[in-house]
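**Q** Build the complex from these two chains, which are given one at a time in their own frames, with help from the hints.
Sequences listed follow chains A and F, in order. Here the first sequence stands for residues 0 to 186, numbered as in numbering that gives the first Met the number 0. Here the second sequence stands for residues 0 to 387, numbered as in numbering that gives the first Met the number 0.
Because the hints were derived from the structure by calculation, they are not lab data. Quantities reported herein were computed from a predicted structural model and do not represent experimental measurements. There may be inaccurate statements among the hints.
Said to hold, decoys possible - Label pairs and their computed distance ranges (CB to CB): (1) L145(A) <-> Q38(F): 29 to 37 Å; (2) T42(A) <-> A296(F): 33 to 41 Å; (3) S240(F) <-> I150(A): 30 to 38 Å; (4) D148(A) <-> A70(F): 39 to 47 Å; (5) N109(F) <-> F37(A): 22 to 30 Å.
No residue lacks a Cβ here, since even glycine has one placed at the ideal position from N, Cα and C.
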Amino acid sequence: MQLTNRSKQVSNKEMTMAEKMYLPSIVQGLAITIKHFFMKKPTIQYPEVKRYLGPVFRGHHVLKRDEQGRERCTACGLCAVACPAEAISMVAAERKKGEENLYREEKYAAVYEINMLRCIFCGLCEEACPKQAVYLRHDRMVPVFLERDDIVYGKDKLVERLDDRYVRMNSEVKATPTEPSLTKAAT
Amino acid sequence: MDLTVLLVKGLIILVIFGITLLIATYSTYAERKVAAFLQDRLGPNRAGPFGLLQPIADAGKMFFKEDFIPAQASKWLFILGPCLAMLTALMSSAVIPFGDSIRLAWDGTNYDIPMQAIEINIGVLYIFGVVSLGVYGIMVGGWASNNKFSLLGAIRAASQNISYEIALGLSLIAILMMTGSLSLRAIVNEQATFFEWNVFTQPLGFIIFLTCAFAECNRTPFDLPECETELVGGYHTEYSSMKLGFYLFAEYINMFVSSAFISSLYFGGYHYPFMNAVHDGLTGSLGEIAGHNIATAIGTVVFFAKIFFFIFFFMWVRWTIPRFRYDQLMNLGWKSLIPLSILNVVVTGAGLLYDIKYTTWLIVVVMVVLALTSNARAPKSQAAPQRA
Ligand code: SF4
Ligand code: SF4
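With the rest of the complex left out, here is chain F (with noise of 0.2 Å):
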């Protein structure tokens, strides 16, 4: 049994490895086609049909170019860079639920094995940690490249990570408090029925940490690392080939495991409503184990669903607002995000006193006043005055 389950378990994490990949590359595309859609174009749709082969197109582009290491650049830590991105970007998606679990019979007994690479009790932590190993990647490349935009980016991408993951943290925190677990599944389950979603209970925090993630994955409109306008290219200045490749295509994964992270902390991972009477159904008609393993891909293609989406709005946003001016991001942060987030685990702890789930409204509720009344307060503008 135990090399079985030893087995699923690799077979599962080759999987997740491999589906990681293949989202992350039709993510240069998706990226690229939603792009050309909102500015009313149509996008790459030479390479195959629709353009489904331009990521692979542009996968022998980047292999093809010469790779260049400057010569005052230290080299090990030039390489070191983006290999660190890249690991890091790929290790957080280890502790995501992407589905209830595959029930196997075995000698008249059933498994259940969870749809997981490696449940762990501190799942949240894990990424935690490694997301915030993230940002070495970006620094030790930036810094190795010895250019000054490199540097300047770099310097930017560490600042801005250090500040957004404190807020991103305390959001967290209100979820944690509820659930009483640091446990990524546990999390999940705990938003089984449909009004237990997070995104109902937290509406703030999902906000906040909505917010956060953008900054963390360095997306429009907090790409102030890589921001042409001012820094060339930002910490991948100096990176040619597979090198910047690495780079980009990390930022990729990350938005990947981000979505996968939002979804199952604020809209129920793998739970649809009348989960439970599907599986019900499906277990009746289909039998025990056919009938959950279906209800398990079910789950899953919905928490895929859930991904896509989110991957999708990481673009729309990115295609919609203008990059933040670096004072106003570190204004966010510092000033507005991080004291709402306080003030929200504040308000979920003292509705947990009295057992209510939905207080951290009050503080939506009280905000949506102040920006109305502050709106009819303010000054009207004037017509724009008439130049002869």
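Chain A extracted, bound-state conformation (with noise of 0.2 Å):
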């Protein structure tokens, strides 16, 4: 099997004169890396530029809300049996009469926490939720950690906000279509 066509048989021949020499071969190379020298770098800088991770990047996640923006999560618990890090946990809280603007389901989670450390970015804590509720962004990462509070996050960081709607710009990952309601402008 060849697998580029680049690759050279190697021998174990006597070398003529000219390679003995090191001198030809020397400069051959030489004017590879000068070319080198003078070729536009791919670097890109980080901190400053940053590159688009495509429409499956896996980053900063977020609890979604619906068209009348009320909280999606039901504290089924899915996510947080799916998880392989066991990072999330959260406390269920039924909800009140008055509160149908705030939350979707009868059931609500009061508390949803992720630990920051422990997640692994897999994304499957998405894939479970019945609900539609938790995703992970892909336009946004998880910033450093300064402080030891700040690794544990709580509804506060992860509740989408309602000036700043989570779209994934793509067409081809589409939502899971089990709700008929997941138009592009609501999700």
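**A** Quick look at the structure:
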């Protein structure tokens, strides 16, 4: 099997005089490297310039709201079960009268925490969720921690802000079509 | 007047000392930058603009590391090693002529003070002596570490330096024969016209000298004493903190000194084409003293340009060629370079007998012809058989 057309048969033959002088091949090598010296560098200056990582990048978690701005999560715990790193924990609560505009289901997560030191960003929580509630944003990373208290992300950091709705801009990566209401505008 | 000379000399020595250290410092930065650029990267660019403060950050890191001395090491020799390496590296720049001369007027007479720390008539010999002392730094350090890898690295360094010093000296003898002097300034002044630069009269000698200089500086492709794949860190395996820094720093100073040495031996030092015309023009328009000093300054700048080119060349080669195997290194030194340099001496001598300077081109031509014919005669490599 040949993987590339640049592979060379290695041989152990006697070197010719020119090869024994080393100089011709050294000059050749120097020519190659100096060409690279003047080439455009492909480096991306990371913190200043950020590369688009594609629509499937798994970054910062977000707890979605639906079209009317209600939290989707019903605290079923399936994400916590699916999580291989056991990073998710939650406390369920029952929706009271008058809170229908806050929570979509009758049961909701009063506390929802993800330990970002444990999380391996596998995205299994996103796959497990039956309510399309938890997503890993493709456009934002979890920032570097500077304090111990910053490690566990609570609902304040996870729930989607109404003025900053998350839309996964890719027609190919569609949300699982279990909910007909999932239009692009809403998700 | 004596006091003035002393002051000016002292100033020159201090300036050369400072410049040597500065250049060595920034060589570490340049090395990383050059390496990066040759490998399509950007290199350090975070500390200061373009990463220019990187050497300071590196030095700071070195200073704050724990200075560890192994229990089994022989303590004083262990400390002496890097000191020796640094000392010998710094000493050798003393005799290099960095420029023509500074002209001072005093009591109506003009005094010319050469741009050189000390002008001695055995400058070449002095450099040789000091450079061969340099191996003691490595040897002592490697031995005192009481570590097999360090010792092996040190032995490699010693044998390599000894082998290549012979070829180095022999290739130089041809130049000494042509100049008739051991003084570096005399050798530089000999090359006043462009086509009498020793690189044109001694092409073979230049290549041998350059190769040996690489070996003497322990630079790739001859960096076997510190070959990581075989010897951990070589002779400085046990060193940490600023002692290690001294070893690494000494290497860069050596590189600077050899670049200066090569440019003054083979590339005319502070000479450049149409130098006399420039000198005459400047003294004509600006007066005897100012004109002369500015002409000197231009020569010095040219000299440093040559040095920087060679430092770059050292790095360029380092990031191009892989390391030699040890037997290849010894074969190359003893079986190729030494016979060739002896031949070079003989042919140069024969040429001088008839006052022809360019006789060594004969050897070059013969070698090129041999190489070409050998290539033509070599069995053509068949296309690699395709395996199914
Ligand atoms: S991305 Fe993976 S590891 Fe992180 S919370 Fe979700 S399931 Fe757990
Ligand atoms: S995020 Fe989804 S899977 Fe997790 S508890 Fe809420 S509804 Fe269940």
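**Q** Please flag the earlier hints that this structure goes against, numbers listed from lowest up.
**A** 5
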